[in-house]
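With our numbering, letter number 149 in the sequence shown gets 158, and the count goes up by one each step, no holes.
Derived Cβ-Cβ restraints for the label pairs, each shown as a range:
1. GLU171 x ASP96: 13 to 23 Å
2. GLY84 x ARG152: 30 to 40 Å
3. PRO139 x ALA168: 18 to 28 Å
4. ARG153 x SER180: 21 to 31 Å
5. PRO139 x GLU171: 17 to 27 Å
6. ALA156 x PRO83: 34 to 44 Å
7. ASP149 x THR99: 12 to 22 Å
8. GLU118 x ARG174: 13 to 23 Å
9. GLU196 x PRO139: 18 to 28 Å
10. GLY34 x HIS169: 50 to 60 Å
These are computed hints drawn from the structure, not numbers from a lab.
Where is the CB? At the ideal position from N, CA and C, for every residue including glycine.
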Amino acid sequence: MVALLAAAVVVLSVLTAGLCWLVYGLLRQNGRILVRLEALEAPAADASHAERQERVFADRSLSNSRLNRDGLKPGAAAPTFSLPTVDGRTVSLADYSGRRVLLVFSDPECGPCMELLPRLDAAARLSDVPVLVISRGGIDANRRKLAEARSTLTVALQAHWEISRLYATFSTPIAYLVDEQGRIASEVAAGGMAILSLLSVSSPDSRLTTLPGQVPGSRLTH
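Model the full structure from these sequences, guided by the hints.
This is how it looks when you write it as structure tokens:
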């Protein structure tokens, strides 16, 4: 009888020890899993925080920005630049030194810009003032838009908004007339009609009295 009780105690002790070891192993494995989960969640949390920070920055009111968005004033020196063109050349503002030039800021994703392009091309053919289009986006997208408009205007590409920033305006389409001395000769013209009107008043050619798309006898406003 005593032997049976001793054997039972031994078996129970072994079972208890085994159970304790199993529980310890499970707790240890659970701890490892938690450590790994924390390691995986940390980058995600950092990314989420960074995304929230970017959203807050992007949503700041434009009124709090220190960038000049009102355009350059007449008489100001036109900022110089040198840009690649869609046909593989390089063009700079200095190329137009000694003569007037119309700088038109455009974007292939801008609907009004693309509506303006064929009319601007037609008006430029009648004017003594060269037109330089400063666009954004890829070469292929701009070439495609030029082909659709059947335009032969010179189109230079800024990488992002660096030239727009120099000229203190980020909307499209807008334009500046630059005079022979490299100074801004007009208020910024916003929209197709204002741009075409700016080209007409900058040219002494009487053929531009009526611009492409303008009804004879009507008057374009600035």
